[in-house]
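Visitor: Both chains are given apart, each in its own frame, so use the hints to dock them into the complex.
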Amino acid sequence: MEKFTTLTSKAVPLNIANVDTDQIIPARFLKATDKKGFGDNVFRDWRFDKNGEPNADFTLNNSNYSGSILVAGDNFGCGSSREHAAWALVGYGFKVIVSSFFADIFKGNALNNGVLPIQVSKGFLSTLIDTIESNPETELEVNLEAQTISISGLAKSEGFEIDPYKKTCIINGYDDIDYLLSKKLQIEAFEAEKTY
Amino acid sequence: MSKKTLFDKVWDAHVVDVVQDGPQVLYIDKHLIHEVTSPQAFNELEDRGIPVFRPDQIVATADHNTPTLNQHLPIKDELSRKQLEQLSENCNKNGITIYELGHKYNGIVHVMAPELGITQPGMTMVCGDSHTSTHGAFGAIAFGIGTSQVAQVFASQCLLLAKPKRLRVSVNGKLKGGVLPKDVILYIISKLGTNSGTGYFCEYAGDVFENMSMEGRMTVCNMSIEMGARGGMIAPDETTFNYVKDRKFAPQGEDFDRKVAYWKTLPTDEGAQFDKEYFFDAEDIEPMVTYGTNPGMGIKITENIPTKNDASFNKSLEYMNFEAGESLINKPINFVFIGSCTNSRIEDFRVAAKYIKGKQKANNVTAWLVPGSKQVEAQIIQEGLKTIFDNAGFELRQPGCSACLAMNDDKIPQGEYCVSTSNRNFEGRQGQGSRTILASPLVAAATAVAGQIIDITKEVEQLELV
Numbered sequence: 097m098e099k100f101t102t103l104t105s106k107a108v109p110l111n112i113a114n115v116d117t118d119q120i121i122p123a124r125f126l127k128a129t130d131k132k133g134f135g136d137n138v139f140r141d142w143r144f145d146k147n148g149e150p151n152a153d154f155t156l157n158n159s160n161y162s163g164s165i166l167v168a169g170d171n172f173g174c175g176s177s178r179e180h181a182a183w184a185l186v187g188y189g190f191k192v193i194v195s196s197f198f199a200d201i202f203k204g205n206a207l208n209n210g211v212l213p214i215q216v217s218k219g220f221l222s223t224l225i226d227t228i229e230s231n232p233e234t235e236l237e238v239n240l241e242a243q244t245i246s247i248s249g250l251a252k253s254e255g256f257e258i259d260p261y262k263k264t265c266i267i268n269g270y271d272d273i274d275y276l277l278s279k280k281l282q283i284e285a286f287e288a289e290k291t292y
Numbered sequence: 029m030s031k032k033t034l035f036d037k038v039w040d041a042h043v044v045d046v047v048q049d050g051p052q053v054l055y056i057d058k059h060l061i062h063e064v065t066s067p068q069a070f071n072e073l074e075d076r077g078i079p080v081f082r083p084d085q086i087v088a089t090a091d092h093n094t095p096t097l098n099q100h101l102p103i104k105d106e107l108s109r110k111q112l113e114q115l116s117e118n119c120n121k122n123g124i125t126i127y128e129l130g131h132k133y134n135g136i137v138h139v140m141a142p143e144l145g146i147t148q149p150g151m152t153m154v155c156g157d158s159h160t161s162t163h164g165a166f167g168a169i170a171f172g173i174g175t176s177q178v179a180q181v182f183a184s185q186c187l188l189l190a191k192p193k194r195l196r197v198s199v200n201g202k203l204k205g206g207v208l209p210k211d212v213i214l215y216i217i218s219k220l221g222t223n224s225g226t227g228y229f230c231e232y233a234g235d236v237f238e239n240m241s242m243e244g245r246m247t248v249c250n251m252s253i254e255m256g257a258r259g260g261m262i263a264p265d266e267t268t269f270n271y272v273k274d275r276k277f278a279p280q281g282e283d284f285d286r287k288v289a290y291w292k293t294l295p296t297d298e299g300a301q302f303d304k305e306y307f308f309d310a311e312d313i314e315p316m317v318t319y320g321t322n323p324g325m326g327i328k329i330t331e332n333i334p335t336k337n338d339a340s341f342n343k344s345l346e347y348m349n350f351e352a353g354e355s356l357i358n359k360p361i362n363f364v365f366i367g368s369c370t371n372s373r374i375e376d377f378r379v380a381a382k383y384i385k386g387k388q389k390a391n392n393v394t395a396w397l398v399p400g401s402k403q404v405e406a407q408i409i410q411e412g413l414k415t416i417f418d419n420a421g422f423e424l425r426q427p428g429c430s431a432c433l434a435m436n437d438d439k440i441p442q443g444e445y446c447v448s449t450s451n452r453n454f455e456g457r458q459g460q461g462s463r464t465i466l467a468s469p470l471v472a473a474a475t476a477v478a479g480q481i482i483d484i485t486k487e488v489e490q491l492e493l494v
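Protein chains in written order, with our numbering: chain E, 97 to 292; chain Z, 29 to 494.
Looking at chain Z on its own, in the form it has when it is part of the complex (with noise of 0.2 Å):
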């Protein structure tokens, strides 16, 4: 039998057809939506007079255009309410679990499903959000898609797609203290580029995958999108079913232990060929930081901004209001963001407080706290996490997407730099004419601090805090 890689078997199953000289009709097992790319879905099929084909594979959660203050109020947007109506709308008529704003399973769709369960090995998932690339961390094949995709799994349940390629990117050695997850993505896309994975999967794999935490997984495959590809897997291990054990939409009991058995039978088969390979060493990986206006522009923190003869580097950089060449330590930053799909679990949460303990906010500094869950949000209060937030002056908000993409009413302002843990600094993305710096929790929590960008690593080894 041919050797056959994760995402070889995880796809193989679930094509239902292959049409001649084109796409293949992929099953998808859960569909995840949102109030932002599901409206127009909704009036697609109404309007074709198609009902939705199943329900119940279907979970919704309102996130996206949702407020972080006071959600036990009418939302004062008057076209944010709508839309937030319209989903809880279309789910009741349609049959459709919704989480709305305020529900305690309420979150980020890359937040509460996988803490729900919902997310589980070797499934197909889609969502109208190019971030669901993050549930591939539990082996599943998982991606963003457009509007017309979502009509069309109502529709079907189903996709017409074309085969990826498979990439992976291995990354082997000991993270230093203080490099986290993030650290490792940015580093990654910072190698690669925005394009490298366009038309591919891709497969993390090394040491420094399995040794990390289903979270510090999902920050990883989270940021796949930002190499340009659709997703990115890890091989499920004991760390992912230790993990989905005991949660509530996970198989129980002897199904469990049935899932368990056909789970160990996805890892890559040794000597299954790959299109792309990329490796990594991690000892070479340090805190990261962006200076430009897409992920893959990214430095250690103790580098210098490259010089590069090119129109849209250049571009770059003018927005960024950057020098060629020079260093980000000592840049005064008014605000921070610790949020978003791609760092706002309880982990993130814990190793900024561990930092900021016994610490002050610099007084120039507005440092927003955005949970990606009312789970998370219970959580940090149940761990104590809040009062040290309370007491450094941060402030710790409600859950939702944030300022990471400045739909709802949290914004940077004007001209203003933001080190944020979202994923992109796309111009404009936290507000118009805000200029955002990617960086690790840590990091974002050190910056609050000091109320500019500072050598973390200086820091690290006596704080031992990774």
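Pulled out of the complex, with its shape left as it was, chain E reads as follows (with noise of 0.2 Å):
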């Protein structure tokens, strides 16, 4: 997994609420068995129209709009459990995941692909969608460490909530399973004593 302490980029505005997981990778995409690929289809039935033909109203189609960071609606992620969609928004280029609200198991996935998934509160959120509309040469700064998210050049700043065991991971490009398995004595104790 890769490191994360600091980022600034731009940002693409993604205003829909409910944004669910079959949405950011359609299940016709899911035969395969490795993690490449799915960034070419992300999003893939909003961005393209039923002829395959890009639908110039989508975000991601406008050119005014880059950055590896996308900012969307309330409850983002909810719907099925697919890793899949962590690793297309991955492969597609985006490091941090904006929203006023994430769905568990989304969250939980973009934090062990070393993605970033930051809640913002929904004024703040407000703020930014309309400042990137305005002008989408607007650059957020993300400071991991210091857990807060800025708009470049103006004073518009928040603090967003981390568990910090898995800030450590994110920072240190580590993940779960490194820390389970230096626990493996301990879990064959339990096994070897559980009541149930």
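For the record, the hints were derived by calculation from the structure and aren't laboratory data. Just so you know, not all the hints are guaranteed correct.
Keeping only pairs whose Cα atoms sit at most 20 Å apart, straight-line, the calculated PhoX-like set for lysine-lysine is [unchecked claim]: (1) K146(E) - K328(Z); (2) K262(E) - K191(Z); (3) K263(E) - K191(E); (4) K290(E) - K37(Z); (5) K110(Z) - K132(E); (6) K382(Z) - K132(Z); (7) K328(Z) - K486(Z); (8) K385(Z) - K414(Z); (9) K263(E) - K191(Z); (10) K273(Z) - K287(Z); (11) K191(Z) - K279(E); (12) K106(E) - K290(E); (13) K262(E) - K99(E); (14) K193(Z) - K262(E); (15) K252(E) - K263(E); (16) K290(E) - K414(Z); (17) K132(Z) - K37(Z); (18) K292(Z) - K131(E); (19) K336(Z) - K218(E); (20) K292(Z) - K37(Z); (21) K304(Z) - K193(Z); (22) K290(E) - K328(Z); (23) K37(Z) - K414(Z); (24) K287(Z) - K276(Z).
Guide: Dropping the structure here:
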């Protein structure tokens, strides 16, 4: 997993609530047995029409927008547990997803792939979307150590929460398997003693 | 001693360790896997030279990416075939029990595991599938995980998790005729919304659930994730014990009795605290349908679509080609699907058959009935339900996830409505451009017969269906 400490980048606004993982990566693309190539099909049915032509209205097809931060509506990543959604977002080049609320499983999947899900207040989310939409050159600055996200050049900033253990993992590029394997003896002792 | 909830009792019994200021190490009793979310986890372990720690606590089935016709023939789609071969190869290499396509125990993971007695009260269970919440019907902690977590469980039989908060939804009273467990959960989600449960484990309590069959309880717990809850739970009771008893992998004899004695200690203590509680009256619930593109967008079948000034709401209605304020009654429907891990058990087909018997499917309708497992399929035939379905023009297919998720060959065409007993009405969920209306097996059966959505509440009293 790649390490993450700070990021300054332009951002892509996706002002839709309840974006489910079926939209992030439709099920027909889940037949692969490795993690590669999902980025090509991220938001496939929003990006392309039924004839495979790019849908000009969709944010990822708007050439004004670029960057490795996606700023999305409330309850992002709900629905299916498919980690393919996280792989698709990573594959497309996103490193940070900002929303006012994340679904549980998606949040965990994102963290396990080094993508930072940043939960901000509804008010700050509106500010971010409005600012980016009115000036697509706007850059956002994410500082994981300080747990802050701010709009470059403007005195607008907000703190965010992250589990301290997960924070350490992301900063150092560790994953949970390393930690769990270090607990092997304790796990075996638990198995030997469990009472249920 | 402090008073504990069902969730606390099961969770606390499985904590191996607590990371300082961080998550807990939770021991997992049973790990269910399928072809779609496991291959990358097996690769991860192989790349890192880590063995599967407890292969005898893992059970595999093929369900998502499988055809529901001609299962005895080689799978035509090359990628699908390879994915299934990969699952078999990974299981054989690692000593994991697998019920491949065509095996008498094959089926949708959340249907076959309970019917084999793999699912038991007081367990922790995971699967790379969000509808793992189904197994909570037994008083188990069961939840969906991502593929990285599948790899973690392979490696250590544990997961690192922050303990979720406690939510309780109580429904008391007597359900009206024609109101099925599916209507109860669609009603709850329509009231609470799709993210009210996020961060929580939800216990369903009250006499409506106490009086429900295990299959009904599974339907309810199955859709917990649709309100954001990682899992749902119902206290184990005599209904649970009777269901589990004598199943293939259930404890037998004295061992079973010992387990029952333990399972009886699990229900929530009187006076235990929840972080959030909701109460509903059974009499307020009616047969439900959804009108939008998330499961929270549901109404009673007799109600009109609400009006809201909200961009996401309007986008959703535009996708469905519905107008705010209109009724769904008399909407022509060309596709009906009875199946999925929500509603593909024998009771679902019994209720459909009871309605369909002596009637004919409307000419405009394609009606697919897809059992959740080989065992359910066998039972449908044995009970004579297949004859009823055949005579009425319904198509009984072979077990699998089928048209719930548009991954296999069973897809709803662009622009078509499908009244479906599945769990998600997301855009394109049943096929690119398809429009899903979630409903109970009874509403689905009635739609197939009428060729349009009808007010089932007018018929149910004569029918004595439920």
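Visitor: Looking back at the numbered hints, which does the structure fail to meet, lowest number first?
Guide: As far as the earlier hints go, 1, 6, 12, 15, 16, 17, 18, 22, 23 are violated by this structure, in ascending order.
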